[in-house]
Amino acid sequence: MSIPRIHRNAKYLGLSLFHSNHKSQDFNYILEKLQERLTGWKAKVLSRAGRLTLINSVGLAIPLYTMQSVPVPLSVCNKVDALIRKFW
33 MSIPRIHRNA KYLGLSLFHS NHKSQDFNYI LEKLQERLTG WKAKVLSRAG RLTLINSVGL
93 AIPLYTMQSV PVPLSVCNKV DALIRKFW
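The sequence shown begins at 33 in the working numbering and counts up by one.
Check before you lean on any hint, since a few could be wrong.
What the hints assert, rightly or not - Only pairs whose alpha carbons sit at most 30 Å apart, straight line, appear in this in silico DSSO-like list of lysine-lysine:
no., residue 1, residue 2
1, 76, 65
2, 43, 76
3, 74, 118
4, 111, 55
5, 111, 65
6, 76, 118
Derived from the structure by calculation, the hints contain no laboratory data.
All of these numbers come straight from a predicted model, not from anything done at the bench.
Build the full structure now, drawing on both the sequences and the hints.
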């Protein structure tokens, strides 16, 4: 029976199968993806209600799946929080 080797950066359902000793670096992709979205939204003229709706429906959905599946370090959660606060 031939079983293929899995690379260290392999992903399944969008999540890394392996984590390094630097867990906060493993979750940088969440911060990068959220930063991309927030930067795009900042260019648009949005009301406070529009910003709140975007953050709740899309912005918080980005890290949610990962947080449900894998324990995310508190430092990453704090950085997500800071990005959202800066968007206001």
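>> Are any of the numbered hints broken by this structure? If so, which, sorted upward?
In response: Violated hint (a single one): 2; every other hint is consistent with the structure.
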